[in-house]
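Undergrad: Protein chains in written order, with this note's numbering: chain A, 1 to 111; chain B, 112 to 228.
Calculated directly from the structure, the hints in this document are not laboratory data. Accuracy of the hints is not assured; some may be wrong.
Computed far set for chain B versus chain A, every beta-carbon distance over 10 Å [unchecked claim]: (1) Thr128; (2) Met156; (3) Glu174; (4) Leu185; (5) Asn214.
Pairs of lysine-lysine residues, derived as DSS-like cross-links and limited to a Cα-Cα distance of at most 25 Å, are as follows [unchecked claim]: (6) B:Lys153 with B:Lys177; (7) B:Lys131 with A:Lys26; (8) A:Lys70 with B:Lys153; (9) A:Lys98 with A:Lys70; (10) A:Lys98 with B:Lys131.
Label-pair ranges, simulated between beta-carbon atoms [to be verified]: (11) A:Glu15 with B:Lys177: 22 to 30 Å; (12) B:Asp176 with A:Arg60: 40 to 48 Å; (13) B:Gln171 with A:His45: 40 to 48 Å; (14) A:Gln14 with B:Ala183: 47 to 55 Å; (15) B:Glu174 with A:Asp7: 39 to 47 Å; (16) B:Leu137 with A:Glu5: 33 to 41 Å; (17) B:Gly172 with A:His57: 36 to 44 Å; (18) A:Gly59 with B:Thr191: 26 to 34 Å; (19) A:His57 with B:Thr193: 45 to 53 Å; (20) B:Thr193 with A:Arg41: 21 to 29 Å; (21) A:Lys69 with B:Thr168: 47 to 55 Å; (22) B:Asp176 with A:Thr94: 24 to 32 Å; (23) A:Leu75 with B:Phe150: 49 to 57 Å; (24) B:Glu170 with A:His57: 29 to 37 Å.
All C-beta atoms, glycine included, are put in the ideal place defined by N, C-alpha and C.
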Amino acid sequence: SQQGEEDPQALSIQEGENATMNCSYKTSINNLQWYRQNSGRGLVHLILIRSNEREKHSGRLRVTLDTSKKSSSLLITASRAADTASYFCATDDTGFQKLVFGTGTRLLVSP
Amino acid sequence: GAVVSQHPSRVICKSGTSVKIECRSLDFQATTMFWYRQFPKKSLMLMATSNEGSKATYEQGVEKDKFLINHASLTLSTLTVTSAHPEDSSFYICSASRDTTLNTEAFFGQGTRLTVV
Numbered sequence: 001s002q003q004g005e006e007d008p009q010a011l012s013i014q015e016g017e018n019a020t021m022n023c024s025y026k027t028s029i030n031n032l033q034w035y036r037q038n039s040g041r042g043l044v045h046l047i048l049i050r051s052n053e054r055e056k057h058s059g060r061l062r063v064t065l066d067t068s069k070k071s072s073s074l075l076i077t078a079s080r081a082a083d084t085a086s087y088f089c090a091t092d093d094t095g096f097q098k099l100v101f102g103t104g105t106r107l108l109v110s111p
Numbered sequence: 112g113a114v115v116s117q118h119p120s121r122v123i124c125k126s127g128t129s130v131k132i133e134c135r136s137l138d139f140q141a142t143t144m145f146w147y148r149q150f151p152k153k154s155l156m157l158m159a160t161s162n163e164g165s166k167a168t169y170e171q172g173v174e175k176d177k178f179l180i181n182h183a184s185l186t187l188s189t190l191t192v193t194s195a196h197p198e199d200s201s202f203y204i205c206s207a208s209r210d211t212t213l214n215t216e217a218f219f220g221q222g223t224r225l226t227v228v
């Protein structure tokens, strides 16, 4: 299955700054999900946005979806050192949780 | 939220042996489970779709005889890495699908780090 591309591959910022990650995908989707992974551990689900939604918020997270451009972005505001992790977008074209993951963005937040 | 348990979390095995990884949905029935593989500093790649009571569906390039999947009950899928080689060393992670609910988050296990020596 073809993966989406994430941009940037790596991002290094200071605490308090905002972090923006972008995801592009290739096929039509039912929903797009964002996950966080701390250094070789399991996945933490962050947010799910359906194909008929354009923007969604959860705490310090804001996700946008542009289906015409087949792209999504994840914004983390007021970042903290604890946000240091890899972030993956994943598309679901069936709606039944069969996911195609993007290439990931490694975020480093320095104190 | 729903819980998916994966066991073991870490395993080291010798080349040529087989290793079984279990994925259990603890509080819901999952007729479908998915197995992913992740190489160091890489993304997750879908290996196969595990279907309760029927054969698994493998993604292109994944050897079905190498990675045996059994989904014998509505709460358990197993992945057996047969005749393991060092190149099979990887992080394997499963997810379970709540088939009856469209457009919800996937529920992932904690992952299994396999090292073949």
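Undergrad: Take the hints in turn and mark each one as holding or not.
TA: Each hint, compared with the structure:
No Cβ of chain A approaches the Cβ of B:Thr128 within 10 Å, the least distance being about 23 Å, so the stated non-interface status holds. Not every Cβ of chain A is farther than 10 Å from the Cβ of B:Met156; the closest lies at roughly 7 Å, contradicting the non-interface assignment. Under the 10 Å C-beta cut-off, the non-interface status given to B:Glu174 relative to chain A holds; the minimum distance is some 16 Å. With a least beta-carbon separation of about 15 Å from chain A, B:Leu185 lies farther than 10 Å from that chain, consistent with its non-interface assignment.
The beta carbon of B:Asn214 is not kept farther than 10 Å from every beta carbon of chain A, the shortest such distance being approximately 5 Å. Restraint check for B:Lys153 and B:Lys177: satisfied, since their Cα atoms lie roughly 21 Å apart, inside the 25 Å limit. Simply put, B:Lys131 and A:Lys26 have alpha-carbon atoms about 34 Å apart, too far for the 25 Å limit, and the pair is violated. A hinted pair counts as satisfied when its Cα atoms are at most 25 Å apart, and A:Lys70 with B:Lys153 qualifies at roughly 22 Å.
Taken as a hint, the A:Lys98 and A:Lys70 pair is honoured in the structure, with Cα atoms around 18 Å apart against an allowance of 25 Å. Distance restraint check for A:Lys98 and B:Lys131: the Cα-Cα separation of roughly 22 Å lies within the 25 Å cut-off, and the hinted pair is therefore satisfied. A hinted range of 22 to 30 Å for the beta carbons of A:Glu15 and B:Lys177 is inconsistent with their spacing of about 45 Å. Our hint of 40 to 48 Å for B:Asp176 and A:Arg60 holds, since their Cβ atoms are close to 46 Å apart.
In this structure the hint that B:Gln171 and A:His45 lie 40 to 48 Å apart at CB is violated, the actual value being about 27 Å. In this structure the supplied range 47 to 55 Å holds for A:Gln14 paired with B:Ala183, their Cβ-Cβ distance being about 51 Å. Taking the beta carbon of each, B:Glu174 and A:Asp7 are about 32 Å apart, not inside 39 to 47 Å as hinted. About 35 Å separates the C-beta atoms of B:Leu137 and A:Glu5, a value consistent with the hinted range of 33 to 41 Å.
Separation of B:Gly172 from A:His57 is about 38 Å and conforms to the stated range, judged on CB atoms against 36 to 44 Å. Range check, A:Gly59 to B:Thr191: about 40 Å between beta-carbon atoms, so the 26 to 34 Å window is missed. For the pair A:His57 and B:Thr193, the supplied restraint of 45 to 53 Å holds, since their beta-carbon distance comes to about 46 Å. The beta-carbon spacing between B:Thr193 and A:Arg41, approximately 26 Å, falls within the hinted interval of 21 to 29 Å.
Checking the proposed 47 to 55 Å range against A:Lys69 and B:Thr168 shows it is violated: the Cβ atoms sit about 31 Å from each other. Checking the proposed 24 to 32 Å range against B:Asp176 and A:Thr94 shows it holds: the Cβ atoms sit about 26 Å from each other. Between A:Leu75 and B:Phe150 the CB atoms are about 28 Å apart, so this pair departs from the stated range of 49 to 57 Å. At roughly 34 Å, the beta carbons of B:Glu170 and A:His57 sit within the given window of 29 to 37 Å.
In summary, the numbered hints that this structure violates are 2, 5, 7, 11, 13, 15, 18, 21, 23.
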